[in-house]
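Colleague: We have chain P; now place chains Z and X onto it with these hints.
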Amino acid sequence: MEIFLDYLIVFLIGGFICMIGEVLIITTNLTPARILVSFVIFGVFLEAVGVFDYISSFAKAGINVPIIGFGASLTKGAISAVESQGLLGVFTGSLTSTSGGIAAAIIFGFLFALMCHSRTKK
Amino acid sequence: MNEKERMKAYNKYVNAKIPKTRPFPSLFNSFWVGGLICVIGQGINDLLLFLMPNLSEQSAWAYTLIILIFLAALLTGIGVYDKLGKFAGGGTIVPITGFSNSITSPSIEYKCEGIVYGICVKMFTIAGPIIVFGVVSSAFVGLIYYIVGLFV
Amino acid sequence: MKCQTIKFKKQPKIVGSYSIVGPKEGEGNFKDYFDYIMKNDFFGEKTFEKAERKMVENAIIGAIAKAKLEVKDVNLLVAGDLLNQIISSSYAARAFDFPYLGVYGACSTMAESMAVGAIIVDGGYYDNVVCCTTSHFSTAERQYRFPLEFGNQRPPVSQWTVTGAGACVLSLKGEGPKVTMATFGKVVDWGIVDVNNMGAAMAPSAMETMLAHFENTSTTPDDYDLIVTGDLGKLGSEILIDLMEEKGIKLGLNYGDCGQMYYRRDQKTLCGGSGCGCSATVFNSYIINKLKKGELKKVLFMPTGALLSTTATQQGESVPGVCHAIVIEG
Numbered sequence: 016m017e018i019f020l021d022y023l024i025v026f027l028i029g030g031f032i033c034m035i036g037e038v039l040i041i042t043t044n045l046t047p048a049r050i051l052v053s054f055v056i057f058g059v060f061l062e063a064v065g066v067f068d069y070i071s072s073f074a075k076a077g078i079n080v081p082i083i084g085f086g087a088s089l090t091k092g093a094i095s096a097v098e099s100q101g102l103l104g105v106f107t108g109s110l111t112s113t114s115g116g117i118a119a120a121i122i123f124g125f126l127f128a129l130m131c132h133s134r135t136k137k
Numbered sequence: 007m008n009e010k011e012r013m014k015a016y017n018k019y020v021n022a023k024i025p026k027t028r029p030f031p032s033l034f035n036s037f038w039v040g041g042l043i044c045v046i047g048q049g050i051n052d053l054l055l056f057l058m059p060n061l062s063e064q065s066a067w068a069y070t071l072i073i074l075i076f077l078a079a080l081l082t083g084i085g086v087y088d089k090l091g092k093f094a095g096g097g098t099i100v101p102i103t104g105f106s107n108s109i110t111s112p113s114i115e116y117k118c119e120g121i122v123y124g125i126c127v128k129m130f131t132i133a134g135p136i137i138v139f140g141v142v143s144s145a146f147v148g149l150i151y152y153i154v155g156l157f158v
Numbered sequence: 024m025k026c027q028t029i030k031f032k033k034q035p036k037i038v039g040s041y042s043i044v045g046p047k048e049g050e051g052n053f054k055d056y057f058d059y060i061m062k063n064d065f066f067g068e069k070t071f072e073k074a075e076r077k078m079v080e081n082a083i084i085g086a087i088a089k090a091k092l093e094v095k096d097v098n099l100l101v102a103g104d105l106l107n108q109i110i111s112s113s114y115a116a117r118a119f120d121f122p123y124l125g126v127y128g129a130c131s132t133m134a135e136s137m138a139v140g141a142i143i144v145d146g147g148y149y150d151n152v153v154c155c156t157t158s159h160f161s162t163a164e165r166q167y168r169f170p171l172e173f174g175n176q177r178p179p180v181s182q183w184t185v186t187g188a189g190a191c192v193l194s195l196k197g198e199g200p201k202v203t204m205a206t207f208g209k210v211v212d213w214g215i216v217d218v219n220n221m222g223a224a225m226a227p228s229a230m231e232t233m234l235a236h237f238e239n240t241s242t243t244p245d246d247y248d249l250i251v252t253g254d255l256g257k258l259g260s261e262i263l264i265d266l267m268e269e270k271g272i273k274l275g276l277n278y279g280d281c282g283q284m285y286y287r288r289d290q291k292t293l294c295g296g297s298g299c300g301c302s303a304t305v306f307n308s309y310i311i312n313k314l315k316k317g318e319l320k321k322v323l324f325m326p327t328g329a330l331l332s333t334t335a336t337q338q339g340e341s342v343p344g345v346c347h348a349i350v351i352e353g
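Protein chains in written order, with the numbering used here: chain P, 16 to 137; chain Z, 7 to 158; chain X, 24 to 353.
Among the hints, erroneous ones may be present.
Dumping the calculated SDA-like pairs for lysine to any residue here, alpha-carbon to alpha-carbon at most 25 Å [as the list claims (entries may be wrong)]:
no., chain 1, residue 1, chain 2, residue 2
1, Z, K26, P, L39
2, Z, K18, X, Q337
3, Z, K23, X, E269
4, Z, K89, X, Y167
5, X, K32, X, K313
6, P, K136, Z, L33
7, Z, K92, X, M284
8, P, K136, X, E269
9, X, K73, P, T135
10, Z, K128, X, Q108
11, P, K136, Z, G124
12, Z, K14, P, T135
These are calculated hints, taken from the structure and not from any lab test.
Excised from the complex, chain P in its bound form (with noise of 0.2 Å):
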């Protein structure tokens, strides 16, 4: 029963961040890569003010999934990094965090743009 409520939140949240998104589509025709940066700024902003870690723990991939889970781990990168090796943390930290991520995304990307063709929409 326990799993259920935890999924149940997963969902409702998750939907609810990406009802959002499309909220924003329908209302202010921006277009979705700046939809996405804007998500992305908003998860930096998040971990920046430390809110981030308390939603995660009930949210877990309600938050973590949408791209603002993406802009937090950046961010959260940046600080432990920072703490850690001084002000070469602020170069370093990012990019390290999230580079499982990006390299997962090009490599893929890569890969199914040598196999795959383009089609057109019906």
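Modeller: Frame of chain P; chains Z and X shown alone:
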């Protein structure tokens, strides 16, 4: 009526006339599809922790995101993700899968201009700003953290 | 104001016309009139750009054949399309052994090329001129918007670029509907910034050209069996009707828009078709057909074009429109 006033009046008239997306199906679809993607992510995460109990929480999340990115790239490659996106809108753009789609789709599309000038150059046409803004703003936060740390 | 309308003395005839469309267009409202419907958008080529080029080549050859002429009889090709540096037309032209004149008027290119061709033929300078216009959904989409695989939603004002090419042969000899008048339009910009909302951006230019045409020729909408705009779409044609009513001219049942009529309602194209192929294929199939049969006697054909580019848009420019009109009589 001068030029500026006419443009303003015309824009106002057009804005009143344009068809609006009906909020009901599109908001609902983005909600449940987006929620479902998050649930799948949670499921993968729980499964990983169950199979490999020694995995740290951070590594488990990294694996989860990589798997989601792989799945989205696969769906983009076989031509399913754009149909999903047409249906769900924000529900497929906001999750990390949308990020993967925004890298894979231009790569496939510009393949015919060659591997270097097509795939590699155009790969970040949509996702570039996300990474740039993310890195710059998080570095800024790190810098503030560093400066505050000097005085506290 | 100076007279914008040209009245042709010798009245060049459209002796042959040909239209070729993609599979989605082949399921639309005009499906019975097209000369050739492609089975897929690649047309046996490796890229969409090459497919578009092949469509142009086939349309030109088809139009020449239907005019019962041979390639060596053709004096000039006037053609245009939507891609940067109008590559589809220019690259298709290198396959032919006659001079080529590239024109660009965005989606208004069909009327522009025909008006230019008619002037040359009417002046007696060349005997047979081929006019051709094309657009392709997939090439336009990647140039102006997003990659095809990108999962975005199309805004409700957006239109669907028609995959299709239309060509016709103008000549003084032979049989066919006559081009009697042409009105070149001014570039009009009423400050629409939304690049998806091309109908609203082009409607004022259609109004200006239409007003100039009616004034210069002392005609009214009732003098025409059909007044047809190119690709204003559902929204744009409604706006045009409103704008014309403001000026005291009522567009009745003889007014239509190719883009709005092009697809069936269940094909989910939102505001309808667009692109130069939209007006070109409807004109070279349905309209020519009806003119030849005598079901239409006098048609005012006025495709509109949105002269936008991604560079100008990203620099914050609004979308200018242009509209050229030609009158064809059966």
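Colleague: The structure should be examined with respect to each hint, and the outcome stated for every one.
Modeller: So, going through the hints one by one against the coordinates:
{"no.": "1", "hint": "Z:K26 to P:L39", "verdict": "13 Å, holds"}
{"no.": "2", "hint": "Z:K18 to X:Q337", "verdict": "22 Å, holds"}
{"no.": "3", "hint": "Z:K23 to X:E269", "verdict": "16 Å, holds"}
{"no.": "4", "hint": "Z:K89 to X:Y167", "verdict": "20 Å, holds"}
{"no.": "5", "hint": "X:K32 to X:K313", "verdict": "24 Å, holds"}
{"no.": "6", "hint": "P:K136 to Z:L33", "verdict": "23 Å, holds"}
{"no.": "7", "hint": "Z:K92 to X:M284", "verdict": "23 Å, holds"}
{"no.": "8", "hint": "P:K136 to X:E269", "verdict": "39 Å, violated"}
{"no.": "9", "hint": "X:K73 to P:T135", "verdict": "14 Å, holds"}
{"no.": "10", "hint": "Z:K128 to X:Q108", "verdict": "20 Å, holds"}
{"no.": "11", "hint": "P:K136 to Z:G124", "verdict": "21 Å, holds"}
{"no.": "12", "hint": "Z:K14 to P:T135", "verdict": "38 Å, violated"}
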